[in-house]
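Respectively, the protein sequence lines represent chains A and B.
All residue numbers for the first sequence refer to this note's numbering, where the first residue is 20 and numbers rise by one.
All residue numbers for the second sequence refer to this note's numbering, where the first residue is 20 and numbers rise by one.
Be aware that one or more of the hints could be misleading.
Which copy is meant is left open, because identical chains are indistinguishable; a pair holds if it fits in one copy or across any two.
Quick list of in silico lysine to aspartate or glutamate cross-link-like pairs, EDC-like style, CA-CA up to 20 Å [claimed, not checked]:
(1) K88 <-> D166
(2) K263 <-> E335
(3) K88 <-> E126
(4) K53 <-> D147
(5) K88 <-> E127
(6) K88 <-> E216
(7) K263 <-> D306
If you are wondering where the hints come from, they were derived from the structure by calculation, not from laboratory data.
Small disclaimer: the values here were computed from a predicted structure and weren't measured.
Protein chains: 2
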Amino acid sequence: MRDEAVRLAHGSGGRETFSLIRELIVSMLEEDMKRVEGGVGTDELDDGASIPLPDGRHLVFTADSYTVKPPFFPGGNIGELAAAGTINDLLMMGAKPVAMLDAMVVEEGFPMDDLRRIVSSLVSTLRDEGVKLIGGDFKVMPRGNVDGIVITTAGVGVAERLIVDSRIKPGDKLIITGSVGEHGAAILAAQRGVDVESQGLSSDSKPLTSLMLPLLREYGDRIRAAQDPTRGGISQSLNEWASKTGLVLVVDESRIPVREEVRAYTELLGVDPLSLACEGRALLAVDPGSADEILEFIRGRGERDAQIIGEARASERYGGLVLIKTVAGGLRILEPPSGVPVPRIC
Amino acid sequence: MRDEAVRLAHGSGGRETFSLIRELIVSMLEEDMKRVEGGVGTDELDDGASIPLPDGRHLVFTADSYTVKPPFFPGGNIGELAAAGTINDLLMMGAKPVAMLDAMVVEEGFPMDDLRRIVSSLVSTLRDEGVKLIGGDFKVMPRGNVDGIVITTAGVGVAERLIVDSRIKPGDKLIITGSVGEHGAAILAAQRGVDVESQGLSSDSKPLTSLMLPLLREYGDRIRAAQDPTRGGISQSLNEWASKTGLVLVVDESRIPVREEVRAYTELLGVDPLSLACEGRALLAVDPGSADEILEFIRGRGERDAQIIGEARASERYGGLVLIKTVAGGLRILEPPSGVPVPRIC
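In isolation and in its complexed conformation, chain A is listed as follows (with noise of 0.2 Å):
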């Protein structure tokens, strides 16, 4: 049945949205359209897009709107957000992020000193991680017209080795870089009006400059999928993985990191907080033979949490999807997420 209006899901980030773009935009384009010849385009469905340079390097876009309410949450805000999600996915197409672009959106009447607050968060953000900022937009929607503010970035970076997610092999250990849901389960407490705080919920949101580029550097050849489990969480990113590559994908929940605080708020709730997004994390998939060494690495970067939390195989039968191993010791296929479980998460 064909939808007659958009929907909040079409925009979850999950399996609605996928086939939306699918539909309404990839459809539409002629083959030579979509890509700049040789580049990452629009069909890939993935962090960003890319155009080579003749030197064997590639040049990385990215373009995201953010709409996330409330516009100030426990752990940052959409300044903060909009920066480090920006460096973030140009980090996972295998990019040094390098200058970005912003443009602002807001509604008449939003207070002045928000709008600073967010704009200092947004500036400090780029400036520590070595990001220019070097133009954008500013537009003023009258009262109603818009709910605050909506900061939509275009990233740039330079990729010496790009990071395709289609590229994972059989065999490949699948690492996550810290506890997940964490962002997710911020925004929705703040939505509900929960004390975010007393609950011990902050988001994750950072960008993962420091970690990354040593990676990149150290293991690049190694790293075949890099993505950040932004809305849909790391059930969205393992599932569009099993799907572009026909593989199917194993996780182990009970080596999966969550919080207990955020394993006891979405309990409450009946959310998974594998669909939950992250703003700080990292999924990778790895050469099975570096698995270890990479783990210890990036442990060894602060981020003492991360787990290799399965791996991709070939598989007949379940090829494009991924299993999960539950803690109560089944084994049952983990879904895309579907409907919406937190509108303007992001």
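With the hints as your guide, set chain B onto chain A.
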């Protein structure tokens, strides 16, 4: 007096926008954060930013949010406008447009058929101009959180020779490639519920690729500055140039082409057509020795209304200002637009 809240005028693209951007963003950036070395950065407040390539060319970037209301208007729609506007910003930096990313934020309940028409216009405009759509983002905001649709684009182009507006010299001639204020007048009328088509009003929105690429090829070394006079119209563009260069720009009102329907409608409302947005025109500053030849070249490419409308001069007294010889015969200062003639004009 410091504003405590964001006002509509802060997004008008006129005086208030520039002072807010300077105070809010540019002032927060240390010198080395404003640009990639050797490129055009935030503080130039030009149509885009650039990163130099080793071979002397420049990569050019632009990011713009489109919030136009209504999303379908006589002469175009928000999808076509977003594609054309992005292409034109790249061209105005002297770049050949190569690729675009689009980030869409849509209101829950937005009609799917309207969305399809918008995406279709965006894609076909890009296709006609040879620009790839290499990626993007799609988010949905709950009903009432955003009015309809906002599209933010990130454009990428390559310039053999960058056009930076601050390079205008005394004596340079000013050319407008067509009649002014048509987009602004059409949107203004549509927002007021006027039967726009019966008034003969229609947006001039179009990509300028087929005019600008040959022009850059033939006369690239003699085009000193270029801008598409969108928010704030040519009044805003001229004032930006005067302010950046410290020169006085003297223009002859009788030579500025304004279509009769636009003149009639704006007179009725007491709005100056020179401060209304164009979306398919270029304002150029060119070498005086080649001005007539360039004008003929432009007219020969179908822009029959193109005119030389004035020139730049050095002046101690009027440096930084725009002077206009009125039709009545007087000479007055053309102030940069202030306030908000039309909200959500683009």
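Q.
Reference check for the pair K263 and E335, CA-CA at most 20 Å: within, between, both, or neither?
A. This pair counts as within: shortest intra-copy Cα distance 15 Å, inter-copy 65 Å.
Q. Between the shortest in-copy and the shortest cross-copy C-alpha distance, which are at most 20 Å for K88 and E126: within, between, both, or neither?
A. both (14 Å within a copy, 15 Å between copies)
Q.
Please sort K88 with D166 into within, between, both or neither, judging by C-alpha distance up to 20 Å.
A. both (9 Å within a copy, 16 Å between copies)
Q: At 20 Å max between alpha carbons, let me know whether K88 reaches E127 within a copy, between copies, both or neither.
A: Both ways: K88 and E127 sit 17 Å apart in one copy and 16 Å across, limit 20 Å.
(Q) Please sort K88 with E216 into within, between, both or neither, judging by C-alpha distance up to 20 Å. (A) For K88 and E216, only the intra-copy Cα distance (16 Å) is at most 20 Å; the inter-copy one is 40 Å.
Q) Between the shortest in-copy and the shortest cross-copy C-alpha distance, which are at most 20 Å for K263 and D306: within, between, both, or neither? A) Answer is within: at 18 Å inside a copy they meet the 20 Å cutoff, but 54 Å across does not.
(Q) As a check of your reading, is K53 near D147 (CA-CA no more than 20 Å) within one copy, between copies, both or neither? (A) For K53 and D147, the Cα distance is within 20 Å only across copies (14 Å; inside one copy 34 Å).
Of the numbered hints given earlier, the model fails none.
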